[in-house]
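A.B. asks: Listed in order, the protein sequences are those of chains A and B. Its first residue numbered 0, the first sequence is counted upward by one per residue in numbering that gives the first Met the number 0. Its first residue numbered 0, the second sequence is counted upward by one per residue in numbering that gives the first Met the number 0.
Be aware that a few hints might be false.
[Stated by the list, open to error] Here are some chain B residues the structure puts well away from chain A; computed CB gaps all over 12 Å:
1. Glu-454
2. Glu-456
3. Gly-709
[What the hints assert, rightly or not] Taking lysine to any residue pairs in the SDA-like style, the calculated list, with each CA pair at most 20 Å apart, reads:
4. Lys-464(B) to Gly-503(B)
5. Lys-493(B) to Arg-515(B)
6. Lys-464(B) to Val-635(B)
7. Lys-464(B) to Asp-513(B)
8. Lys-493(B) to Glu-80(A)
9. Lys-334(B) to Val-361(B)
10. Lys-493(B) to Pro-124(A)
11. Lys-464(B) to Ala-435(B)
12. Lys-493(B) to Asp-513(B)
13. Lys-493(B) to Arg-78(A)
14. Lys-493(B) to Arg-49(A)
15. Lys-493(B) to Asp-31(B)
16. Lys-493(B) to Ile-202(B)
17. Lys-493(B) to Glu-417(B)
18. Lys-493(B) to His-82(A)
[Said to hold, decoys possible] Negatives, chain B to chain A, calculated, CB over 10 Å:
19. Gly-20
20. Glu-101
21. Ser-577
22. Leu-696
23. Ala-744
Hints were generated in silico from the structure; no laboratory data involved. Just so you know, these numbers come straight off a predicted model, no measurement behind them. No residue lacks a Cβ here, since even glycine has one placed at the ideal position from N, Cα and C.
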Amino acid sequence: MNDEALFLLVTIAGRTVATPAAEVRAVIEIEEITPIPRVAPHVVGLYALRSRVVTVVDARVSLGEAAERRFPAPGVVVRIEGHGYALLFDEVIDVVTARAAPSVAVLGADWARVVTGRITVEEQPVLVVSPAALVAGRERLAA
Amino acid sequence: MDELLADFIAETREMLDAIAGALVRWESAPEDRALLDAIFRFVHTVKGSSGFLDLPRLGHLSHAAEDALAAVRDGTRACTPAMVSAVLGIVDRIGQLTDVLEAEGRLPDGDDEALIAAFTLTEVAEPAPVETAEIEPLDIVRSPARSMRLPVDLLDRMMAGVSDVVLARNELARALRDAEVGADARLAFERLTLCVADIRDAITRTRMTRIDGLFAALPRMVRDLGHTLGRQVRLETDGGDVELDREMIEMIRDPLTHIVRNSVDHGIESPQERVAAGKPATGRLTISARQAGNQILIDAVDDGRGIDADRLANKAIAAGVLTPEQVQSMSWARKLDLMFMPGVSTAKAVTAISGRGVGMDVVRANVERIGGTVEVESRPGRGVRLTMRVPLTLTIIPALTIACGRHHFAVPRSGIDEIVRANGVSVRVGRLGDGAIVEIRGRTLPLLDLGAFLECEGARAGDAKVLVVLRGSGGERFVAAVDAVLDHEELVVKPAAPAIMATGLFAGTTLPDDSRPMLLLDIGGIAAAAGIEAGIGESVAEEEAAPERRMSILLFRDLDGRERAVHLGLVEHIHDVSADDIAESGGRLRLAQDGQLLQLQAFGPLPGATVRVLLLSDGTTRMAYAVAGVADVVEVADDLSPSAVPGPVAGVLLHEGRQVELVDAHWLFADLAGAGARAAPLCRLSGVDDAWSAMVLAPLLIAAGYRIAGAGDDADVTIVAGGEGEADGPLVRLRDEATPQAGEASIWRYDRAGLLDAVRMATAGGVR
């Protein structure tokens, strides 16, 4: 991994993490969602992004943290296996250019599932998380 | 060019493109079974198509390649490099001939024996690279295509783009109202609105196709196949008006072709065999399509010899796919399922049409790829029913929107039997064991509190007001208690994310006009999750002995304060519109809506800034009807007490002890069509039996589109029921007895067809 790439810096449960910007279609402000009954807890609802319906996924809940949602909230739109998703983070901070390296940190099961590597931003290490793993949620861990 | 031929060319070319990679890889890995299968399917398909399109040169080529490949698949022949190049030579030739076919509309004469001989050569020995496989260059230029194939993805993007434009237009409309711009801007805006509506309409239509386009190719195919095989087959198709996403149609074209081919080839017996078996000499093949919930079902039913599941099982054992022990524990249905396994087929002899066990595994693979299923049912000697179920994704379906607490859901209209109020007269809610049940007109059904079941926020148990009788595609019938039925809408349904589909409760997502996403309920899935099985409730109380005719009506409060109702089938939408969009000119009210001017009917002063309107449609014309409020959707017995005089009210219904006026849609549309009430011929009823005329004859005539003349009207025809009666104009005389009396031109009063014919003839000349 020699090439530098763009990463979107966001916060989840107070921690700053990065997600590959190449996978991000848009960053939007989510005002109101249609809740979905009886679904996995991290899948929180539907949102109309213009004329398309995207599924809203709470990154905190996907990582086993307690939900703490206030709308409007920033949503990062990604497309996984043909379906559009908006990932809810606490905050969207910045876009940075960095070089990904393997993660060396010892992580809990929830985090280990979503972390794909790390980058260095202003001399601080930042974990890179995979949007697809956040969307998959904790269910897949049990399977 | 013949449409079938064009289809064949396009299909062959697409398949060639698709297997190009496989061909290249196969050269280096001739033992790879998957690659072998892909190439085999290609030549098999070409063989089948060229058979019924009468392209013997292509059929000959593909048959040769198929034979060789089948031998390799069976293991009776080694896959040598010489054999590979011989097959590749044939595939190339097929491609070239296809190009010529497109350019010239027919196949050139020529000799492919050298190519085909390459197989025989490789069989004898292992000669040096077969030079005979070289192809003489065919001198052709691909002609430019007259039609264009577009990726559906692109259409999706266009569709999304147009929807965005519509939303932007709506915002602009609000802004323009607030800004109070001049007439020029308004005019320009109206023009824009019209354009947008046009484009939206066109693009929606681009994606949707009636399935009869797919059915159109079948009769000829069946005829040609029957001719070749010496079978007599009568093909019947049904449900051609079912609309399906264009992409779906393309995806089921091949599987359906295979199924039909198989059925004629292996299912239907020769006329002699059929007669010997005591069946009519002509076999019957019925292809029907229908929508069931969120799926389209395509049935292919033949009355042929059926499939012998035991023989299939033996074949599977012989082919080494299964062990005898495995087969022993298998049910009939499981054994039948073997017909979808590669390499298993019951055909005794390999024919030019099908029968190498390739068809059905391809059918299942293709249908499953689009999220569908194929099921088979068969009784030996009686025939086969193959059912393809394909999802309705991206299909526009009529749906009702319902509310449970703060949640709104869409329910496919096709899954709704009826809607009743929880406190209605003939409805009793009770408990049976620990489950809730509801008795509706003597029929007991399981009751599900949908709000509680779906854990809806704001839904209070036992508080639901409306009961919706639902029917899943598997026949599960239950009653869902909901807070309210909101609207009737045509919705574009798209598949939901896997996590949502995993709940098994939802069939997809949709975006109604108000831009708030909504989930479409999967009725069968909800029944399964709630533990309701098919057939429950059916046995508790059979349907009433004499099923009375019932109709669904929408109850509303009219502007004049009266409670009225309209047939639900006529209601397209319920909308709140701004009074600014309503204008009066030339004595008529008009509503500007989605770029269209609709005639608006109002039986009272408009209430204020916002007007609730029903959008009614008779299939071709649309109109708006202003109301004070919408009350409910109910089903009532169809025993209308008709009005004495023609007018906006067709008659009075009894609903929960109250009199409700049913709006006469015919009068409304006729009145608004500008022709006023003039278009319908006037009938004067005269005769001794006045009660019969008013109670029996008048409703029949009104239903047939006539009007009944009042005292001062000039009638177009006079109808005399019994006794003497004279008229200046045309006259139709009715008699009481079924048998005519000598010398009298009259019609029996209960000869419905004859009566209406006579009235039509009598008024044909004199309509004013």
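A.B. asks: Does each hint hold? Answer for all of them.
C.D. replies: Now the hints, each set against the structure:
1. Glu-454: 5 Å, violated
2. Glu-456: 7 Å, violated
3. Gly-709: Since the minimum Cβ distance to chain A is about 53 Å, Gly-709(B) lies beyond 12 Å and the statement holds.
4. Lys-464(B) to Gly-503(B): 26 Å, violated
5. Lys-493(B) to Arg-515(B): Holds - the C-alpha atoms of Arg-515(B) and Lys-493(B) are around 14 Å apart, at most 20 Å.
6. Lys-464(B) to Val-635(B): 17 Å, holds
7. Lys-464(B) to Asp-513(B): 24 Å, violated
8. Lys-493(B) to Glu-80(A): 14 Å, holds
9. Lys-334(B) to Val-361(B): Holds. Lys-334(B) to Val-361(B) sits at ~18 Å (cutoff 20 Å).
10. Lys-493(B) to Pro-124(A): 41 Å, violated
11. Lys-464(B) to Ala-435(B): 15 Å, holds
12. Lys-493(B) to Asp-513(B): 17 Å, holds
13. Lys-493(B) to Arg-78(A): With a Cα-Cα distance of about 15 Å, the restraint between Lys-493(B) and Arg-78(A) holds, given a limit of 20 Å.
14. Lys-493(B) to Arg-49(A): At roughly 15 Å apart (the allowed maximum being 20 Å), Arg-49(A) and Lys-493(B) satisfy the hint.
15. Lys-493(B) to Asp-31(B): 37 Å, violated
16. Lys-493(B) to Ile-202(B): 16 Å, holds
17. Lys-493(B) to Glu-417(B): 26 Å, violated
18. Lys-493(B) to His-82(A): Since the Cα atoms of Lys-493(B) and His-82(A) sit roughly 10 Å apart, the hinted pair holds (cutoff 20 Å).
19. Gly-20: 22 Å, holds
20. Glu-101: 33 Å, holds
21. Ser-577: Holds: least Cβ distance 23 Å, greater than 10 Å.
22. Leu-696: 53 Å, holds
23. Ala-744: 64 Å, holds
When the structure is compared with the earlier hints, violations turn up for hints 1, 2, 4, 7, 10, 15, 17 and for no others.
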